[in-house]
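So the protein sequences, as listed, match chains V and D. The first sequence: position 275 = 275 (my numbering), numbered continuously. For my numbering, add 1000 to where a residue sits in the second sequence, where the first one is 1.
One should not assume that every hint holds.
[To be verified] Here are the computed lysine-lysine pairs in the DSS-like style, where the Cα-Cα straight-line distance is at most 25 Å:
#1 V:K128 with V:K51
#2 D:K1156 with V:K128
#3 D:K1048 with V:K128
#4 D:K1232 with V:K128
#5 D:K1131 with V:K128
#6 V:K51 with D:K1156
#7 V:K128 with V:K58
#8 D:K1131 with D:K1156
#9 D:K1277 with D:K1305
#10 D:K1156 with V:K58
#11 D:K1048 with D:K1232
#12 V:K51 with D:K1131
[As the list claims (entries may be wrong)] Under 10 Å between C-beta atoms, here's a sample of chain D residues computed to sit facing chain V:
#13 K1011
#14 D1014
#15 L1083
#16 R1085
#17 V1086
#18 T1087
#19 G1092
#20 R1093
#21 T1095
#22 G1096
#23 V1100
#24 N1111
#25 E1113
#26 S1114
#27 G1128
#28 D1182
Hints were generated in silico from the structure; no laboratory data involved. A virtual CB, placed ideally from N, CA and C, is assigned to each residue, including glycine.
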Amino acid sequence: MSQSEAAASAGHLTGAGDLQPWVIEPIQTGFIAAVREFWSYRRLLMFFARKIVVERYKKTTLGGFWLIARPALPLVLNVIIFGAILGVASDGLPYAMFFLVGASAWMIFQRGLLRVTLSVDSQAGLAKKLYFPRLILPFAGIAPAIVDFLVYILLMIVLALIYLVKDGHWYLLFGPRLLLALYATFIIMLMTIGVGLITTVYQVRHAEVRFVIGHFTGFWMFLTPVVYPMSQIPGSMHWAVYMNPLSAPVETFRWAILGVGTLPVIPLVLSSVGIVLFTVVSAVFFNRSQGSTVDEL
Amino acid sequence: MHPLILDNLGKRYDVEAAAESPPGTFRERLARWRDLLLFRRGLRPAKKEFWAVRNVSLTVEPGTILGIIGPNGAGKTTLLKILARVTPPTEGRATGHGRVVSLLEMNAGFNPESSARENILMNAALHGISKAEALARTRDILEWAELEEFADQPLKHYSSGMAVRLGFSVAINMNPQVLLADEVLAVGDMAFQERCMQAVIESGKRGLIVLFVSHDMEAIERVCNRVLWLHKGQVQKVGSPDEVVADYEDAVWAHFDAGAFERGRRSSRFAAIRGAKLLSSAGREIGAANVTEDVFIAIEIEAFKAVAVRGAVDLNARNQLVFRCEDADFRRVTAGFYQVRLRIPANLLSDISYTATVSVTTLREGQTREYRLIAYNALTFMAFHPEREARVAVKGKLGKTGLMAPKLEWSIEEHHVAV
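Chain D with its partners taken away, still in its complex shape:
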């Protein structure tokens, strides 16, 4: 059982400064060519330094499932690339023990024309694993993936779900000490994800370290037991998932709505937010939203006095604000318990997971001072399409699903062009 130690890791890229400035006018370009011909300037455009990762020091204990979060360009992927030895660091070092295996997107390490057996061998070879060892593990891999019957069929006849199972099974059964997973861990149906998690946790007991990069905070909190928050290539915070994710989302929130009101207040003298729920169109509490039906986000409040309230919901997914919707009017209530409901119409949400931050603004009659109560990430739920199969990274592009999937209207009209 050995830890993975990152010691002051840094990676610098030299970005072409010219690439950022526009090409300029014809005259400027001409001048550039003249300077080039007169050796006034080199063929290489001026370079600008850019540190994708810097001063990252961290000790990851065996058995850790480390979530890596941060906005785009924070250096998450670069860090994985360094550990996968795809790109050398510019400074610092990383030390560890045992095998490092990257969980690959399906189209990358597999050949659709070959059988599962051959693909297992090839994938092992890509990870530098000997043929003998790969052969010895083939049975386990097929068994775990539940693909024994299809072992000799070419991969192109596999469903996407089967391919994902095979990919994960290969990675986990190669006996890695460090598993690098870039978003891919969160694909497939829930049952499959559950099995992956079980396998990861089991391997964790024998010292496996998993580095899991994701924008899906819900997945991070569900899966990881430690979270690293990177910001502009540097460590912003390391700690327990709920703590780091909450801080991270606060920071993102603050970015959207800097200092507009007291942050994180759930109650005032007049009212309090007690919780948030997802309700079906019939008003029943549900855990996941069927995107083909209307659902409600219900903010449960308790009013201590007669007060006017105005609800608002910020719906986030993949670390981005999908929409903010605030009630146009204040609605009067007397003391008691209420649900402030927002109806989300059918055919709007995409089949991904969402997190809602809910808020209620209160206004006392005869006063002008508004108080805002807010509950961050009060509600996380999955949205699903009952007929569509779980999405998988078929073409390696997870991002193909949008944050919303509204059913919009199409038509075709003859266009009369005056001749």
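If we strip away everything but chain V, and leave its shape as in the complex, we get:
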């Protein structure tokens, strides 16, 4: 439908007037109208976020345990492999501390992407029955990753306390720079949703997309300074690492929390701009394919 009509038909669902006219036509909602509609349905974000998180742990026997264990177990493994066995440098910090902070930021993407990819598929029951802006689903889909992120923060504090007792040194920083950590988190989430908006469309059509994503993000992690610090990369090669839009936010996050490495100002600005533009393009793509996506459910 044309944009004005789309707005009118969105209005019939939301507006105060009971008898607004509406039209249903083959032409799909324009992007601006879709964004406006997204806003008017924003309450559903929390609804689906909660639903997706609950559904994920509902059938587990040890729900609360897995909430902690799922993020924590791979952490232990990675610390042993990269820190203890391979002896990767960590900018003078205990490797576990160094890795945990980087991984907290990275895992938003790795875990979040999978959840966002599955978001439309997992809510097929409702989506097939009821109209609401489908755009809500990928945005709500990142919720489990946020929950994981909060668990990581908790682990971070616990680990810092352990080192405080053991070494008498408190590694975590406080202060206004934490705002930059928050910003980096936000940018990573946006990137996750940006990629997820595309992958979720394909997931509905080809169920194997989720497998590909699992391997792909595992590989992507090594292109990002998560297990290694930027100081290990020759300065002349930094630009190559920062071609990866997730490098700068992860590095920024670690700089803000631990005070190691440098704040990559220019890469961060470029990555941010790139990620925002990319997410808008993804959202347009998602919006355009949403009609046929629902047909495939």
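Start from chain V and add chain D according to the hints.
Here is chain D on its own, set in the frame of chain V:
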């Protein structure tokens, strides 16, 4: 008061042609991969067009409860999906006024962990209704559903009946102009259904349009004041319920028994079918069958002369033939009134509604020509289980109840396997 206008609506799906043909031999699959690698063919399998709905034009006046009937795959659900804006049409348009609300299956729009109050808000949000409006209506919703006392309890503690009441109450109290109901309208106990109908009819007075999709012809006739019969996505017939349902069932019948005899004849020179009744095991006329007891379907006939008769019953439910049972023998009668009875044993029927088409074949002594009298849908009755609670769509699967629920024998035997 505005009508709902469907103007040449159509919905095309592209079905994968490959999905219909078998995967083929290993060699064929290998060839397919080779063609793919050599770019002789695209990654996308060939698509076949399939019109789920096409050329549907219809004006639905306010206050209409429109039943939508048709065999599976006729496009009933697709039509509802288009109107719910779940799927966009491929061609044509639909115009209307006011809010369109889908009556949801219980598990879909509700969160069992949350209270009724929270669920009402969430359900409203799902329908794009503002929080303020939802809050303003919460009292009405709880009151209608008779759930005021349980408003703050999580839904998981509700009985299925309570959940169904809540779901319907939310939908009807959202002040919809168009209510889309897919089978769900016919669940719950009779008293509840009656209340739903009252609410629907009342809302009809202020212009509500209800689209009700069902396979249950009995429910369609009871509830609707207009019926749309879809066939292969196209409008076959629109009109009054008794007329359209009768034609539809005739068509289904004709499909079962194409042209075997003159259709719809109730009387001949020798005899006439006067009616059909449901009788209890004691022979009393009843309106509903207790499935734990024997019941009789009695075909009432009048014989004008001495004639031999053979009864037959086609029992239908949900638009399907459950069984056809014809007497093995002709039974002689002299002129007079008779009941040709078929005993349906206890523990055979399911607790759904059935419709029986009855027929009597007559044979005059010394002649070979058989005449068949038939009364379509002569008898509709509910079967019920006295102890079981009314079924509701707990898991969203109404179809879980079979057309029959026979009590069959189970056993367990040790199985000796030679080692």
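Hints violated by the structure (listed by number, smallest first): Structure breaks no hint.
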